[in-house]
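Sequences listed follow chains A and B, in order.
Position 136 (the first sequence) corresponds to 136 in this note's numbering; numbering is contiguous.
If you want this note's numbering, it's the position in the second sequence, counting the first as 1, plus 277.
It is worth saying that the hints were derived from the structure and are not from the lab.
Don't take every hint at face value.
Claimed, not checked - Covered stretches of chain A (in silico footprint by chain B; criterion: 3 or more residues with CB under 8 Å from a CB of chain B, positions within the stretch not fixed): (1) 16-24; (2) 32-39; (3) 107-118; (4) 128-141; (5) 198-209; (6) 237-248.
Said to hold, decoys possible - The following label-pair restraints were derived from C-beta to C-beta distances: (7) ALA181/A - LEU468/B: 47 to 57 Å; (8) ARG96/A - LEU342/B: 39 to 49 Å; (9) THR323/B - LYS99/A: 37 to 47 Å; (10) ARG66/A - ILE300/B: 21 to 31 Å; (11) TYR288/B - GLY128/A: 29 to 39 Å; (12) GLY128/A - GLU512/B: 22 to 32 Å; (13) GLY406/B - ILE127/A: 40 to 50 Å; (14) PRO361/B - ILE14/A: 13 to 23 Å; (15) LEU69/A - GLU512/B: 23 to 33 Å.
C-beta: ideal position from N, C-alpha, C; glycine also.
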Amino acid sequence: MRAAARAAGFTALILIFVFPMFFMVSASFMSRYEVNMTPPALLPSEFHPENYATAWSRMNFVHYLRNSLLSTFITIAGQLVVCVPCAYAFAKKQFRFKKTLYCLVLFDLIVPAQTIFLQIYILESRIGWINTMRGLTAPFFYSAFTIFSLVQYFRTIPDEILDAARLDGCSEIRVITHIMAPMARPIIITAMIFTFVYKWNDYFWTSILTTDEAVRTLPMAVQNLMPVGHSAREWHIIMAGNVMALVPMLAVYVLANRAIKSGLIFSGRKDLEAPRS
Amino acid sequence: MKPGASARSPYILILPAIALCLIFSIGPTVMSVRDSFRSVDYVAGTDKFVGLANYRSIFTDGVFLKVFGNSVVFMFCSVALSVPLGVAAALFLNRNRFIHNLTQSVIFTPHIVSFIAVATLWMFMMDPGYGILNYALGLFGLPPLRWLLDPGTSLLSLVIVAVWKTTGFNTLIVIAALQKIPAELYESARLDRATRAGMFFHITLPTISPVLVFLVTTSAISAFGTFDIVKFMTEGGPRNSSNLMVYWIYRTGFLHFQIGRAMAGAVVLILFLSVVSAVNFALMDRRAHYQ
Chain A
1 MRAAARAAGF TALILIFVFP MFFMVSASFM SRYEVNMTPP ALLPSEFHPE NYATAWSRMN
61 FVHYLRNSLL STFITIAGQL VVCVPCAYAF AKKQFRFKKT LYCLVLFDLI VPAQTIFLQI
121 YILESRIGWI NTMRGLTAPF FYSAFTIFSL VQYFRTIPDE ILDAARLDGC SEIRVITHIM
181 APMARPIIIT AMIFTFVYKW NDYFWTSILT TDEAVRTLPM AVQNLMPVGH SAREWHIIMA
241 GNVMALVPML AVYVLANRAI KSGLIFSGRK DLEAPRS
Chain B
278 MKPGASARSP YILILPAIAL CLIFSIGPTV MSVRDSFRSV DYVAGTDKFV GLANYRSIFT
338 DGVFLKVFGN SVVFMFCSVA LSVPLGVAAA LFLNRNRFIH NLTQSVIFTP HIVSFIAVAT
398 LWMFMMDPGY GILNYALGLF GLPPLRWLLD PGTSLLSLVI VAVWKTTGFN TLIVIAALQK
458 IPAELYESAR LDRATRAGMF FHITLPTISP VLVFLVTTSA ISAFGTFDIV KFMTEGGPRN
518 SSNLMVYWIY RTGFLHFQIG RAMAGAVVLI LFLSVVSAVN FALMDRRAHY Q
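From just these sequences and the hints, can you work out the full model?
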């Protein structure tokens, strides 16, 4: 009885969560005829890998992949430069107005950016940053969430080690790059993986801060495969494009599985999606 | 150490972050609140104080009220489905066997990929003509649905997509909480001949309840801030049946150029979300300290 219930539950889980992903990959290899069949075909009767070539050229994959890579890595580099020193100062230095300034920096944790995007758009259009790579990345160099998680970890690093380095004549920058950063490597890597996931998947900010295709990223390329209106959709091509856009993210997930999960459990961060946090 | 340098250096270290925060976060928030009390037209160049007129305007506007109601319904349904589903899947997968770990990893996958990827997949399955979901309904003798294209089912369709994407995250967090419960608790309960249901309600549920509170608040925040699937899958339609707050602000500001009204809506959303976020942040801070 219990075994039967367990088997039923397990089947339901697989059916609900695993099947759609399997079906996506399967459909991406079907012919145009097969993908629109009733009853639906679950497996392609013959493989059509050329769907991928069609999707590749139709969605101009290289252009968007380049933009995705650029915007993601510029954001990561920017966060390293902006957030790491800031977190170090809040975790390890004493200065006036420290509490007030820390509250200020954590402001984004309280007010999600989905609510103020219109003003960011207005600001960027005034300074001519719409449709530019700097407009798409610079606002995200500052991340309240990255700073918060770094500060939590930096606090656990003993002051004695940092003091010893300072006595040896290290400048603050050197203390950060040569002592703090190596000792806090796990949290820095985890935070940057989160930034990667968030920026790679971003659709919200790309649709707000761009009006043409110049700096748009992969999620937009998938959207471009969708015809306007309700004309017949070539789902086999769309699914092929979707799988291609997914592959880099899946690779990161497989490689960094443990870091992502333990990071999420530790920090309790929910949103890899919309808010800039 | 030179005293002068060390007194200045912390400020230099935090300066870039503070500057960006002021420019891209606090400034825009202040401007949002300001513009919500004004009639702003960037094209005509007008900008005048109108008091609460924008707020009066949106709260007497049937569309805004409908959208706010949709957001509440969407939030309630997605939390009410994804948290219990996450708990159920976690109870089920909380065994350290290969197949359970693998299944857990697969269930988590939708959380890590973009909403666009997930939405594209579900639009394929929800295709009113040849979609596999309508075929599945047919197998049970049910009539086909028009899913995203029908005002009666469009919001529900978005709920399904959101729940599918977030359940894996809830499962992950609940499993982590379950694994912290000491096994002795269950052993002594078993000695006392407790039933499985009794153990669940008296041991498991109370122990994981802080985590559940946390999941409910974070899910509520992300549900209320939903934009991607609305824009991508339905554009709020048909007839605003699936329109949610953030998309309403987007459309009001971007397409209708009613900055004042859009900002009034944004302030309502900020107030609502900041209360929930403040609760969530307090919980998160506690977790970070006691772990």
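message: For the hint 22 to 32 Å, verify it against the beta carbon of GLY128/A and that of GLU512/B.
response: holds, 29 Å
message: So is the region 107-118 of chain A in contact with chain B by the C-beta rule, three or more residues under 8 Å, or is the coverage claim wrong?
response: holds (count 12)
C-beta pair GLY406/B, ILE127/A: status relative to the range 40 to 50 Å that was hinted: holds, 47 Å
message: Using a Cβ cutoff of 8 Å, are there at least 3 residues of the region 32-39 of chain A near chain B, or does the coverage claim fail?
response: It holds: at least three residues are needed, and the region 32-39 of chain A offers 5 whose Cβ sits within less than 8 Å of chain B.
ALA181/A versus LEU468/B beta-carbon gap, inside 47 to 57 Å or not: Between ALA181/A and LEU468/B, where Cβ atoms are some 52 Å apart, the hint holds.
Given coverage of the region 237-248 of chain A by chain B, checked by CB-CB distance under 8 Å (3 or more): Per the Cβ count (5), the hint holds.
- prompt: Range hint 23 to 33 Å: satisfied by the CB atoms of LEU69/A and GLU512/B?
  reply: Given a distance of about 29 Å, which is inside 23 to 33 Å, the answer is holds.
- prompt: Do at least three Cβ atoms from the region 128-141 of chain A come closer than 8 Å to Cβ atoms of chain B?
  reply: Result for this restraint: holds, n = 3.
query: Are 3 or more residues of the region 198-209 of chain A near chain B, judged by a Cβ distance of less than 8 Å?
result: holds (count 7)
task: Could you check the hint for me, namely that TYR288/B and GLY128/A are 29 to 39 Å apart, CB to CB?
output: Cβ of TYR288/B to Cβ of GLY128/A: about 30 Å, so the range 29 to 39 Å holds.
- prompt: Using the C-beta atoms of THR323/B and LYS99/A, is the stated range 37 to 47 Å upheld?
  reply: holds, 41 Å
- prompt: Has the hinted range 21 to 31 Å been met by the Cβ atoms of ARG66/A and ILE300/B?
  reply: holds, 27 Å
Of the numbered hints given earlier, the model fails none.
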